Amino acid sequence: MKTQSLLDRQSIVVLALLAAAAILVPVLNGIMAPGSALHLSDHLVPLLGKYICFALLALSVDLIWGFCGILSLGHGAFFALGGYAMGMYLMRQIGPRGVYADPILPDFMVFLNWKELPWFWYGFDWFPFAALMVLLAPGALAFVFGWFAFRSRVTGVYFSIITQAMTFALMLAFFRNDMGFGGNNGLTDFKDVVGFPLQAGATRLVLFVLSVLALAGGYLLCRWVISSKFGKVLVAVRDAESRTRFLGYRVEHYKLAVFTLSAMLAGVAGALYVPQVGIINPSEFAPANSIEVVIWVAVGGRGTLAGAILGALVVNAGKTWFTGALPEFWLFALGGLFVFVTLFMPRGILGSAQDLWERSRQRFRTNRPAEALSPAAE
Amino acid sequence: MFCLRHLLRAVVLLVGFTATAVAGPYEDALPKFSAGSYSETDEAIGAVASSGHPMAQAVIEALQDGRLLAGNGQVFIRDPSGGLVNAATGQAFGAAPADLKPVRVNNRVRRAIEAALGGLTLLSPNAGTRMEAARAVFRSRDEAALPNLDKAVGQEGDAGVKQALQEARAAILLTKADASAEDRLSAVSTLRARGDQDALALLSNLSADSPPALVAAAQQAADAVRSRLEFWSAVQNVWYGISLGSVLLLAAIGLAITFGTMGVINMAHGEMVMLGAYTTFVVQELIRTYSPGLFGASLFIALPLAFLVAGAVGILIERSVIRFLYGRPLETLLATWGLSLILQQGVRTIFGPTNREVGTPAWMSGAWEIGALSLTYNRIVIVVFAFSVFAVLLLVLRYTSLGLFVRAVTQNRRMAGSMGIRTSRIDALAFGLGSGVAGIAGVALSQIDNVSPNLGQGYIIDSFMVVVFGGVGNLWGTLVGAMTLGVANKLLEPYAGAVLGKIVLLIAIILFIQRRPRGLFALKGRAVEA
Numbered sequence: 031m032k033t034q035s036l037l038d039r040q041s042i043v044v045l046a047l048l049a050a051a052a053i054l055v056p057v058l059n060g061i062m063a064p065g066s067a068l069h070l071s072d073h074l075v076p077l078l079g080k081y082i083c084f085a086l087l088a089l090s091v092d093l094i095w096g097f098c099g100i101l102s103l104g105h106g107a108f109f110a111l112g113g114y115a116m117g118m119y120l121m122r123q124i125g126p127r128g129v130y131a132d133p134i135l136p137d138f139m140v141f142l143n144w145k146e147l148p149w150f151w152y153g154f155d156w157f158p159f160a161a162l163m164v165l166l167a168p169g170a171l172a173f174v175f176g177w178f179a180f181r182s183r184v185t186g187v188y189f190s191i192i193t194q195a196m197t198f199a200l201m202l203a204f205f206r207n208d209m210g211f212g213g214n215n216g217l218t219d220f221k222d223v224v225g226f227p228l229q230a231g232a233t234r235l236v237l238f239v240l241s242v243l244a245l246a247g248g249y250l251l252c253r254w255v256i257s258s259k260f261g262k263v264l265v266a267v268r269d270a271e272s273r274t275r276f277l278g279y280r281v282e283h284y285k286l287a288v289f290t291l292s293a294m295l296a297g298v299a300g301a302l303y304v305p306q307v308g309i310i311n312p313s314e315f316a317p318a319n320s321i322e323v324v325i326w327v328a329v330g331g332r333g334t335l336a337g338a339i340l341g342a343l344v345v346n347a348g349k350t351w352f353t354g355a356l357p358e359f360w361l362f363a364l365g366g367l368f369v370f371v372t373l374f375m376p377r378g379i380l381g382s383a384q385d386l387w388e389r390s391r392q393r394f395r396t397n398r399p400a401e402a403l404s405p406a407a408e
Numbered sequence: 203m204f205c206l207r208h209l210l211r212a213v214v215l216l217v218g219f220t221a222t223a224v225a226g227p228y229e230d231a232l233p234k235f236s237a238g239s240y241s242e243t244d245e246a247i248g249a250v251a252s253s254g255h256p257m258a259q260a261v262i263e264a265l266q267d268g269r270l271l272a273g274n275g276q277v278f279i280r281d282p283s284g285g286l287v288n289a290a291t292g293q294a295f296g297a298a299p300a301d302l303k304p305v306r307v308n309n310r311v312r313r314a315i316e317a318a319l320g321g322l323t324l325l326s327p328n329a330g331t332r333m334e335a336a337r338a339v340f341r342s343r344d345e346a347a348l349p350n351l352d353k354a355v356g357q358e359g360d361a362g363v364k365q366a367l368q369e370a371r372a373a374i375l376l377t378k379a380d381a382s383a384e385d386r387l388s389a390v391s392t393l394r395a396r397g398d399q400d401a402l403a404l405l406s407n408l409s410a411d412s413p414p415a416l417v418a419a420a421q422q423a424a425d426a427v428r429s430r431l432e433f434w435s436a437v438q439n440v441w442y443g444i445s446l447g448s449v450l451l452l453a454a455i456g457l458a459i460t461f462g463t464m465g466v467i468n469m470a471h472g473e474m475v476m477l478g479a480y481t482t483f484v485v486q487e488l489i490r491t492y493s494p495g496l497f498g499a500s501l502f503i504a505l506p507l508a509f510l511v512a513g514a515v516g517i518l519i520e521r522s523v524i525r526f527l528y529g530r531p532l533e534t535l536l537a538t539w540g541l542s543l544i545l546q547q548g549v550r551t552i553f554g555p556t557n558r559e560v561g562t563p564a565w566m567s568g569a570w571e572i573g574a575l576s577l578t579y580n581r582i583v584i585v586v587f588a589f590s591v592f593a594v595l596l597l598v599l600r601y602t603s604l605g606l607f608v609r610a611v612t613q614n615r616r617m618a619g620s621m622g623i624r625t626s627r628i629d630a631l632a633f634g635l636g637s638g639v640a641g642i643a644g645v646a647l648s649q650i651d652n653v654s655p656n657l658g659q660g661y662i663i664d665s666f667m668v669v670v671f672g673g674v675g676n677l678w679g680t681l682v683g684a685m686t687l688g689v690a691n692k693l694l695e696p697y698a699g700a701v702l703g704k705i706v707l708l709i710a711i712i713l714f715i716q717r718r719p720r721g722l723f724a725l726k727g728r729a730v731e732a
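Same order as they appear, the protein sequences are chains A and B.
Quick note, in this note's numbering, the first sequence goes up one by one and the last residue is 408.
Quick note, in this note's numbering, the second sequence goes up one by one and the last residue is 732.
Derived by calculation from the structure, the hints in this document are not laboratory data.
Please read these numbers as outputs of a predicted model, since none were measured by experiment.
Built from N, CA and C at the ideal position, the CB exists for glycine as well.
Take these hints with a grain of salt, some might be off.
Which bits of chain B does chain A cover? Going by a derived footprint, with three or more residues having C-beta under 8 Å, they are [to be verified]:
| no. | region |
| --- | --- |
| 1 | 546-558 |
| 2 | 693-705 |
Part of the chain A face toward chain B, derived, beta carbon under 10 Å [claimed, not checked]:
| no. | residue |
| --- | --- |
| 3 | F175 |
| 4 | A179 |
| 5 | R181 |
| 6 | V187 |
| 7 | D208 |
| 8 | I321 |
| 9 | V369 |
Please take these sequences and the hints and turn them into a complete structure.
Here it is, written out as structure tokens:
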């Protein structure tokens, strides 16, 4: 396998594209006059921000699936937990502007006739604490869950199924009103974030840029992880778990570490998703959502990181277009995509493109053996 | 002459006597209806109801319907056709006095009316009506009904109605302070024998200033009823658990075969169940259109068809998709998930997104009463059906050559191949078999669940839990897994609630997988690592 440096050509392309997005979207939306052809309309900004958050989620799945062979069908749970942590902060920020104008209790608690704030809501009015929880809540769940699962060597489809059970159980739990997270309505009706109104165009642009920065940061982090020695062991675990164990590595520790890291990334994605979408509810925990994330990764190209980002953007853009233009065909398209990609494009868009590139270059070399002797310009 | 005068006097006396006899409580009470006061109306109802007069019921019913008219001390019933009947004599009355007004009622009067009717219909010639009346009196516990009740108990021929009457009588006597001690004690034992929630409420609400012996007896009886109820509710929970378990068994057993032989996670398994349910729907629609007489047999016709439809789709999926993905279980999982989306949307496009009506044949509706339980026939049929499917499948795997090959491939694919078994053909057949069984599960589930494109989604996670819990490659594991999960779920429900119980169970399974990563009945040996 080719050694991947932290800033190889792929990374530079990804970062350049992300930088372009971070600059172009504010310019096209904020500076171009609303009438001009180049103007990006206001409703597209949070939509693009949503795609970027999904891309970060896909990245977190690719980190464990593509490089460590752990197929989690419950990553939506970590995403949603991060989202709930952020949602709780935003809920507390509403303060007395809610329908019932209670300075402490969110509306749904007043509605349910609760008298005081449950203990697990303490501290969420303070942004740094909420931000910490965005990382800690999914991280802690992933750590505990992974510790149990990896220690007893639950692997392959069994692991996939119990992650699915985990997110299903969480979905049922968050649907309950007694849990104190708003029941099936979830958390919504947010007003502002660290003092800036959420409805304002400028806030949305800042959130979009922050999401892009988070994605770029997440990408660099994953790059760094997999190009380190730690990352090499992960790939070894993916390809031959028993052999790695016999070589003396504590496989479960490596798995646990990368699983927890991945869950935290997913949590950050969820936290950025909630203020842009304006709602978080238990349906985010639905097992189908988590499976969909896996298909984004598969479409883009498993084990390439950039492919995960690409897949998330392509599939979601396709979904937006399909559900608008041909709503009844969306599930056919999505289902067909699952089948097509697994059967004919096992390495995804990016992997297939790489294959094509390699093959054409090889043909080029065999056709002109003289040139093949000189080192190709890399 | 003298004689004649005496005779005449006697006749006059006699007539006078009978006249006073006729002007009994009924006739005395009637004018009170025209007084226009609610309390007098109330009294009149009581008096009329206890008079035993043949017109009593008609009068009170008329009052209930607002057809009782009164004026100048006279009372008339307007029958639905508009004619007037004198309530005192029962004779039709041609020209109505001008100043008649309907007797007004308020809530208190309405209650009195209902209690009175309950008492009156106790003597109805129709057994069903008497039963209803006895139950009404049991609920209202109106002491005014007691005389009628006593009379009814005395002349009742039907044992069931008689028991209901006695229970109603006991309910009244228990709380009647001036009833004799023996009566009240025997009332306690009657209620104890009845032994349901209503009896418990009566017994435990007996006021504390009743005679001590009675209070003690009621206390003892209440305890007995309570423990009886607890016993039956435990039995009921276990039954619900078995019923849920057999549903899970039906949904999961096909999965156990496909997962067991090929290690294939078939996420489209739930959709095979759905196809079976829709096959039932189509069969019933055709029967309704062409030969409604066959409706009772619709499920028997649907069973083989559902097996064939789902099995054919299963073999198609195996040959066109899964075959190329062997050895890559995670990819298979994703591809079959995609297939499940396509199947769902396909069914949605053809049959529409709403629930379709699947009828229950007459022989499956109704319930079997045993003790304090009522077991509905469709649940019983499904439990029996699930176990029969299990048994048949067990026999197929045990005694047919297909079963032998499937077991061989499950245990050691390469060795089986070396012995001349065409493993890929066995894979296709086993996949078809598993899918077909899911199809017939769909026929059964169409009886208790909504037939909609999302039907399969509801079962897929539960079925996986069953298979993972029970262990792969062993049908007994699936049986034990399904029954354990079903019963545990229903036993947890009363304490934790339906949702929390399910969450607890999911967490328990997740923890269980840590202990035994390959399920309860795991395959042992070298084949396991494959």
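Each hint, compared with the structure:
| no. | hint | verdict |
| --- | --- | --- |
| 1 | 546-558 | holds (count 5) |
| 2 | 693-705 | holds (count 4) |
| 3 | F175 | holds (8 Å) |
| 4 | A179 | holds (7 Å) |
| 5 | R181 | holds (7 Å) |
| 6 | V187 | holds (5 Å) |
| 7 | D208 | holds (8 Å) |
| 8 | I321 | holds (5 Å) |
| 9 | V369 | holds (4 Å) |
Every hint, counting from the list given before, is met by this structure.
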